[in-house]
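Asker: Spelled out from the first residue to the last, the chains are:
Protein chains: 2
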Amino acid sequence: MLLSIDKSKKETIFDQLVNQIKSLIESGDLQEGFQMPSTRQLGVSLGVNRSTVIRAYEELWALGYIESTPGSYTKIRKRKGLSKEILSTHHRESFWDELLTGAYKPDYDKLKKFSQMVRDENEHLISFNRLEPDSRLIDVKLINTCIREAMANSEHNIFGYCNPRGYEPLRRSIISHMRLHGVNAGDENILITNGSQNSLQLIFQAFISKDDYVAAESPTYSMLIPLIKYYRCKILEIPVTESGMDIDVFERFLHKYPVKMVYTMPTFHNPTSVTLSQGKREQLLSLCEKHKVIIVEDSIEEEMKYFGKVHLPIKSIDSHGVVIYLGSFSKILAPGFRIGWIIADKECVNRLTALKTIFDLSTNTFSQIVLYRFCKSGYYELHIRKFLRIFRKRMKAALKALKTYMPADKVTWQEPLGGFLIWLRLNVKADKVDLEDHFQTFGVKIIDGNSFFYNPPNEHYVRLSISKCNEEEIEEGVKRMVKAIEVLE
Amino acid sequence: MLLSIDKSKKETIFDQLVNQIKSLIESGDLQEGFQMPSTRQLGVSLGVNRSTVIRAYEELWALGYIESTPGSYTKIRKRKGLSKEILSTHHRESFWDELLTGAYKPDYDKLKKFSQMVRDENEHLISFNRLEPDSRLIDVKLINTCIREAMANSEHNIFGYCNPRGYEPLRRSIISHMRLHGVNAGDENILITNGSQNSLQLIFQAFISKDDYVAAESPTYSMLIPLIKYYRCKILEIPVTESGMDIDVFERFLHKYPVKMVYTMPTFHNPTSVTLSQGKREQLLSLCEKHKVIIVEDSIEEEMKYFGKVHLPIKSIDSHGVVIYLGSFSKILAPGFRIGWIIADKECVNRLTALKTIFDLSTNTFSQIVLYRFCKSGYYELHIRKFLRIFRKRMKAALKALKTYMPADKVTWQEPLGGFLIWLRLNVKADKVDLEDHFQTFGVKIIDGNSFFYNPPNEHYVRLSISKCNEEEIEEGVKRMVKAIEVLE
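Heads up: the sequence lines are chains A and B, in that order.
For the working numbering, add 4 to where a residue sits in the first sequence, where the first one is 1.
For the working numbering, add 4 to where a residue sits in the second sequence, where the first one is 1.
Some hints could be false.
When chains are identical, the list treats them as one kind, so a pair holds in a single copy or across two.
What the hints assert, rightly or not - Heads up, simulated DSS-like pairs for lysine-lysine below, C-alpha to C-alpha not over 30 Å straight-line: (1) Lys26 x Lys13; (2) Lys214 x Lys350; (3) Lys483 x Lys407; (4) Lys214 x Lys264; (5) Lys449 x Lys11; (6) Lys14 x Lys407; (7) Lys296 x Lys82; (8) Lys264 x Lys233; (9) Lys350 x Lys233; (10) Lys11 x Lys79; (11) Lys214 x Lys433.
Because the hints were derived from the structure by calculation, they are not lab data.
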């Protein structure tokens, strides 16, 4: 067997052995079934330590080049080569598409947009597009303290699996926090999830089948739309008025269709930031109790009440358990922790927990324990108050800037009572313009209102989010928007 | 209006006002439409600061007890009461069950078992039941260092959303780590998930429909079984021999049924800890290439190779991209971080990423960045070597203890090449015995082998996991098992 070991080479003797034998096999010089010399023989003949030869043989065995049966000699075996690179996947798109169950073909471009959005920001651009807390406002020291406490407190097994329903102390903290919003829940009513999107998916997966009727405000949360499409249910679009969803339209739907679920954001609705009046909250609830319709109440911006009067969640007056309330830490603390929660009827929670368990066993333990410490120490309430103080100012600055600079004939909006969003209607003919690209060329990122409609309308809307911008950035951003709008007809 | 404010009371004036007016309304003494005095009048008549009255009115408004139209007086309105407690949910079980889509009725008891398992351990019991790293072996200092680095390195926006495909630097770290296992992947081939269960769910959700044929070893990973049941596919059970799954049986299945997917754990199979021979790996791959069957290769214990020779994953010789490889940090580092990964054909990854995005937007950013630091700094490789060193000893200790103490006539097993599991066959008639309860009464927790069978056999098996036990605990645990077995006939 032609092996030459050169001890002066950089390549280790082990590597030289393995590589030379491999290439002899691959070149065909060593045929299948060829009997390899014993490790002792080879060691002697090459003047190489036997243990090195043994390791080399083991490596070749692991790679599938040789086989050895106890007591007998080692032989060359035919093997598949390691796949150097994955072959061109062209012909395989169809392969996977055929496998894809159901009619769902994801809209890769739309979804790519989302992943682009989370890329590192370009500091020359002002981001009115992202509905995500300004990480500059997060008190890293406090979070560090919580992490240190959590790590020190080893008993909690911060590295282990967690109860599928969520970390029990965090469940308690959330429940007592919800009391501040008039929501009276017991431990059997809560499930902690990987954020509100995960909550929504579990609800759709559990309760919605093909062709079921689901009602939602139009416009609505943009990431609800791919879920509606994926689960192939029928959407009933409820127009949004100054006082929230048009209940009369919803009632007409109830008489016309077997509505199964209504998804709503009654407080600081995304994207319009309209708030549903108390009267309508009660009407909506009574209608859904009467017609046995689930209400999914998404209230991720609940806390951000700047201007006095805002109502309690619908869940607070839900005595029949038809409301599934969705909460989250993502919109005012840190989406990176991916922690949200569901508060619902016990039987509903049981069913969703069963799904959650077989879908991902349990939610991130580390995040849950850190957030528990953050709540327990009172930091969360402090953080909320700080956000309220700061964003009340920022929202005022935003509204002032809009009033000051926006051409009243071209742009109209409704002043929100809270939250981070302002919904602008553009009275322009810009049908051939990609609004997001257009505004970006003027140095400001926004989201085209069309993203929030299942069936986009003819008017042009823009969602402006101030959640990541301070007052200077807001004023500058509005000025840039004005320039961008001026050139639109 | 009969209000009496007592400044000497503990209850604040604000609370006294709100509560007294509330109860007057609820008692009916204040009727709907009643015109409330102006805040100034009431302040004067009660000798209370007006701002307090204003706040009280705002609170009552938010609670829905009063309404005020700009410029006019404030009036009492009828409202629904807050739901004091959720009503008895008895009659509602059926309500939610009717809503539950599909035929799936989760097995709550089985799932509860899982959540009980993750409860805090009882230190008097020895836990051979949990397949989870011994958290005593985790170097908390190193992880702390990584967390500090990650937090300091603010640019990464550790608190924000992450790319749905996963944190890019972590993707790179995993890809280069996979090279050590002969797996050659590019960035387009990886998706980071919330652990392997989440990976599995995405695969089933995307590619498996009702009545599809899915093959798997029997016994198999216990949490695969509820997924099979939930997605209502047909399972084809492949017996496990000393050298892994019985390929001949699988081939017969291929001729008989349109098999869509085969799930396998070729290395240290859970629960039997058998390893699939290289020859069979290549046979399996060729068969699946020929019949266009997806191979889901679950290799969460890949790293734990104690006794020399173990083969590379099937993925390493997959040049047609039919293998979907599942990896995870849960089995040798920390399940609490809930981070796993999928390595597969680009087109497959695109489709799974699309689902992942609409299901939970993105995986936990914090965990991903911390794990990236842990890999980048070389700590992960160190950690693996440490685990190898320690568990090689522990596995030897376990096998020695079994040889020494187990009654050979009643218990048989195959010695594993690695991993954390030993699969014991009990030659006893214990049909009426709950094995888990039985062993627990002798102070040791195990898992009844039946949990790993879709159709439980007549024989009795027990899965013994040493992943959370040191050598002393292992010996003591085995002794307790012996006592428990002796009393079985």
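Asker: Now, for every hint given, state plainly whether the structure supports it.
Answerer: Tested hints:
no.: 1; hint: Lys26 x Lys13; verdict: within (18 Å within a copy, 90 Å between copies)
no.: 2; hint: Lys214 x Lys350; verdict: both (25 Å within a copy, 29 Å between copies)
no.: 3; hint: Lys483 x Lys407; verdict: within (11 Å within a copy, 80 Å between copies)
no.: 4; hint: Lys214 x Lys264; verdict: both (12 Å within a copy, 23 Å between copies)
no.: 5; hint: Lys449 x Lys11; verdict: neither (61 Å within a copy, 54 Å between copies)
no.: 6; hint: Lys14 x Lys407; verdict: neither (72 Å within a copy, 46 Å between copies)
no.: 7; hint: Lys296 x Lys82; verdict: between (66 Å within a copy, 23 Å between copies)
no.: 8; hint: Lys264 x Lys233; verdict: both (16 Å within a copy, 25 Å between copies)
no.: 9; hint: Lys350 x Lys233; verdict: both (29 Å within a copy, 24 Å between copies)
no.: 10; hint: Lys11 x Lys79; verdict: within (26 Å within a copy, 97 Å between copies)
no.: 11; hint: Lys214 x Lys433; verdict: neither (37 Å within a copy, 48 Å between copies)
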